[in-house]
Every structure is written in C-alpha cells, then in structure tokens.
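Heads up: the sequence shown begins at 1 in this note's numbering, then just goes up one per residue.
Hints are computed from structural coordinates only; laboratory data are not their basis.
Predicted, not measured: the structure shown is a model, and the values here were computed from it.
Treat each hint with caution, since some may be false.
Said to hold, decoys possible - Only pairs whose alpha carbons sit at most 20 Å apart, straight line, appear in this in silico SDA-like list of lysine to any residue:
hint : residue 1 : residue 2
1    : K177      : E278
2    : K245      : E278
3    : K203      : R287
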Amino acid sequence: MSAGAVVIVTGLSGAGNSTALKALADAGMYCIDNLPIELIEPTIDLMQSGRISAEHGLALCMDVRDRSFSGKFPEIQRTLAQRVRVQTIFLTADSPVLVTRFGATRRRHPLLRNGETLTEAIEREREILGFVEECADVVFDTSTWNPQQLVRAVESRLSMDLPPRQLNVTITSFGFKYGQLQPVDMMFDLRFLDNPYFVPELKTKSGLDTAVSSYILKQPEAQVMLSKIEELMTFLLPLYHKEGKHYLRLGVGCTGGRHRSVCFAETIGARFLAAGHEDVVMTILHRDIDR
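Using the sequences provided together with the hints, build the complete structure.
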C-alpha cells in the first residue's frame, strides 16, 4: 500500500486474522494487532505526522475483544474514509471449521462463557460482528484454506498497491574444520575440488583473489558443480517465492573456508545478479575467510 493508506483486518476468532496481518507486515506495512477502536484516530495522526514509519501504509487488526468495536465501527470507518484511503478485510469461516481450529490450537475463544459450548460462543461472535461484515470491502471465507492460501488471497486483493514480495537469499562460505554452518536450509560441500591451499603462491590468498578463483574455476568439476547449483536454484527459488518463503540460507563449505567456498559463494551470487532475478535479494557472507 502507499503511504497514508490503511487496511483494517477483522473477523471471527480463528478465521485467520493474525495470518492476514502477518502477510501485510511481510509486505512492508506498519502493523498493529488488537488496537482499541478509540485509538485508531490518534494512530492515524501519528502516521500522518511521520512519527511512525508507515511508508507502505498502516494495517490494523481489531476484533471482538474490544467490546465497543462492533458498535462504533461504521462511524469510525466513515470518519477514516474522509482522512485516508481505507480498506476493510473481514475473515469468516464455517462454525465446525472454527471449532476444529480451536481444538487443534487449544486456545480459548475470547467470548466463551462458563456453561456455554464453543459453537455457541462462535455463533454469538458471528452475530455481534454481523454489521461489521456488511461494512467490509472484501470478505474472505477461509473454511477450506490453509494459511498460505489466505496469504495469497490478501496479497492478490492488494496486489496493485503492495510492493513486490522478495526472497532474501544469504550465501555463506565456511570451513568444515571450524564446525558446520548453523542454521542453514541447504548446504554444498566443495571438498572434492583441488585445494589452492597446497599451491604455495595461492596458500595465503583467499577465494576473492583472481588467481585463486581462476585456479578453482578452471577445474571441469567446478564448472559442472556451478551449473548444477545454478540449475537447482533456478528451479527452487520461484517455488519458494510462490510458497511465501521470505528467507533462504545456503551454505557453501570447504576445508578451511578461505579458498574454494569463498570463490563459489561469490560466483553463485554474481551469476544470479547477472540473471536479473528482481524478486531475489542476495547477500554474500564469508564466515571463516580471516581464520
């Protein structure tokens, strides 16, 4: 969303409010959960004065825990519309589905009274929020959705305004002799390549040096390995991005973490930058290069 825009996320407990708010936070919006309705306008004041950073807009999650929310919502929605561009997303689901979700998470429904069944509490909440649902710009029924489907629905609804979601890839070189890299999602072992450490004129240099990288990359096995890594990443990155993954950590290891792994980390990163993957942010780190 653009600066000054506001998204209100609300709906039935267990329908996915927190998941929707997290999707907006991951998209760069400034998010506040469980904000009392009386604090909405002061929060807008802070946003418009620049005292809170909301470059991509403000997302507010409100629900039935605020006892005055449903009664005051239509009025506050009209007031906000005169000041900012506002959208309201309402999340709902079938009662049996919500009962199952509460059972799985073992959370207590916020309206559950002593002697009352969970279904009764859900139906009472549905009645309380009925007018809020009627005022919403969009209603998502999440009965058959998993969390990722809800995230994609939120992103699709606001796709014209949300900044492109990026996959942050960190490639870290390391030496196995100093311990395996942790945490890591995927690891490549390069100890099968000839080691520049045993070449006297290259021993004291690192994989950042042109002479060292030339020695490593002229090996046929190195070129095959690079091609296979590149092929694998070209296949996986769009799938990770589609699934909503935001971070991918790759480890590239050799014996000491100074020559082969450094060269490969730099080369892999350079190739992906040259390929123009706009939805990928690449970071290169060298854990053991100075050991």
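To see whether the hints hold, each was checked on the structure:
1. Of the supplied pair hints, the one linking K177 and E278 is violated, its CA atoms being roughly 36 Å apart against a limit of 20 Å.
2. Between K245 and E278 the CA atoms are separated by roughly 15 Å; this keeps the pair inside 20 Å, and the hint holds.
3. A threshold of 20 Å between alpha carbons decides the hint, and for K203 with R287 the separation of about 18 Å falls inside it, so the pair holds.
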